[in-house]
Amino acid sequence: MTGNSFAATAVAGDVNGDGIGDLLVRSGAGNAYVVFGRADGFDGAVDVTALDGTGGFKLDAAGVAVSSAVAAGDVNGDGLDDIAVGVTTGGSAGVYIVFGPSGGPSVIDPTAVDGSNGFRVTGGGTTGIAAGDINGDTLGDLIIGDYYVVFGRAGSVPASLDVGTLDGNNGFRLGGTGFDTDGWNIHAAGDLNGDGFDDLAIGTPDAASPYDPDYLTGATHVVFGHAGDAQDWLGTAADEFHVGSALADILNGAGGKDHLEGVGGDDLLIGGAGGDVLDGGDGNDTVSFGANANSATVDLLAGTSTGHTLGNDTLISIENIIGGAGADDLSGNDGGNRIDGGLGTDHMAGRAGDDIYVVDNAGDTVVETRNAGHDAVLVSLLGFVLGADVEDLSFTGTGDFAATGNTLANVIAGGDGDDRLNGGRGADTLRGGLGDDTYVVDHAGDIVDEAAGAGFDTVETTFNYTLGTQVEGLLLRGTAALSGTGNALANTLAGNGAANNLFGLGATTRCWARPARTSCWAPTGRTCWMAAPAMTVSAVAWATTSTSSMRWAISPAKPTAAASTRCEPRFLSPWALGSKS
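The opening residue of the sequence shown carries number 1 in the UniProt record's numbering; numbering runs sequentially from there.
One should not assume that every hint holds.
As the list claims (entries may be wrong) - What follows is a list of derived Cβ distance ranges for each label pair:
1) Ala-154 / Asp-191: 18 to 24 Å
2) Asn-464 / Thr-306: 54 to 60 Å
3) Asp-162 / Asp-47: 35 to 41 Å
4) Thr-88 / Thr-297: 44 to 50 Å
5) Ala-452 / Ala-159: 55 to 61 Å
6) Gly-41 / Gly-104: 39 to 45 Å
7) Asn-169 / Ala-293: 37 to 43 Å
8) Asp-78 / Gly-397: 55 to 61 Å
9) Ala-481 / Ile-447: 24 to 30 Å
10) Asp-78 / Asn-169: 17 to 23 Å
11) Asn-294 / Ala-388: 28 to 34 Å
12) Thr-89 / Gly-19: 33 to 39 Å
13) His-374 / Gly-63: 53 to 59 Å
If you're looking for bench data, these hints aren't it; they were derived computationally from the structure.
No residue lacks a Cβ here, since even glycine has one placed at the ideal position from N, Cα and C.
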């Protein structure tokens, strides 16, 4: 080679697609050359300054220096090998991928790539090397800087890619904590485990500080390549470094001091035994200590888990926690966390953000502060009283659920059983679901949200009330003379012993009240029944009318057989206002 002073020479692959290997030469003048191989060989020296595009080309850009130029493999899948060019100068600094040309100009400016002839990678340093095919898509992948892997891409390619946008689909970041976030060396390792995917070998410091005696000893990690599908990965007893995908992965380190990275997707990370580094990456990620038998202390804000049988772990980019069998102390961060204590009597505190707590033990404690997000409890217990500063409550178990809210505007949801929901003193929204539910309404702003055909549902209240749609029963509590109004359904309305007025709007209304004190009203042409609660159902006194605006009298006589067939005692039984059976 003549025509310049040369800093390095390397194999470039087949850049022009003629089936012959080419050479890559970097000069000391801040540029590089690609010399095409020849089937008939070379006759003497090759003057690189005379390359005209047929025998090779020059990589050069005005005003910038090419600091490195290496083979990149076939990054865009066009059958031609590409070149990774490092530029260190000012605003042009970065790594430029120049697609191999089958023929072309004598000079290519790497900083002028526009997506059709190459692309720029920024934010990861100024060095790039070939990584092989890490994700098995047949395209060449790239190692950028110390800890970024950029996947090759066929078809439309952006002119520029910032490593901060790597999301598992287009590449990923290799990292850790402290000084472990900087890899000393990262190299393509070929297919070490024989799974058809190329792997990476990474040398890193083995300490959190350069003043630690272990810092210079370092450690070597192998990252196995894999396809972009969601992973369900189980490690071994060895110390392992495993990187997930852009999808929802399950990564279980089992034994050893593992480093697990979820990359993208909503991942589940299980460190297992050993002191692990668990990095969720992007997405809404969960760390699980379900195999831990002792009491653990997990703090997402501090990024630590301590005090359990599995070893102390470092947590990065984790949003959710699943505890173990002990009495755990679980704390979130300032984002929206989901905290599940698991078995045991757990202490759960979400801090700021919209948090969700899973409660399955009567001894579980949920701690929230005022104005620290909109929070919710998911409970499987048959009875629960919502603590202060938690807004929502939902039943996730089976059976009849009894719930009590607090002073906030709660949203309380039952299940498929016969639930009793009391929102407390705030303006609450109550949803019973299926079953014959009872709603305690004690605030004028309370909302009862019922679906059609979802059981025979009842509102209990101490003030004048009109039933909403899809609620069948109304029970007036307290001692005040109140007014209760039904809806278009076949309602059962019950007074409280005072001089109440009960208004039925449906085709048939059944009123339950003390004799001679309550008036029951119905529109003209509708049928109403009235019963006195001081008598048993078998000897109940009835009266019927189809005339509007009249005060009903109570007949002392037992109803006739014909009238009795229209009596449905099961609708009367929810309210124990008198001795009835």
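Tell me, which hint numbers fail for this structure? 6
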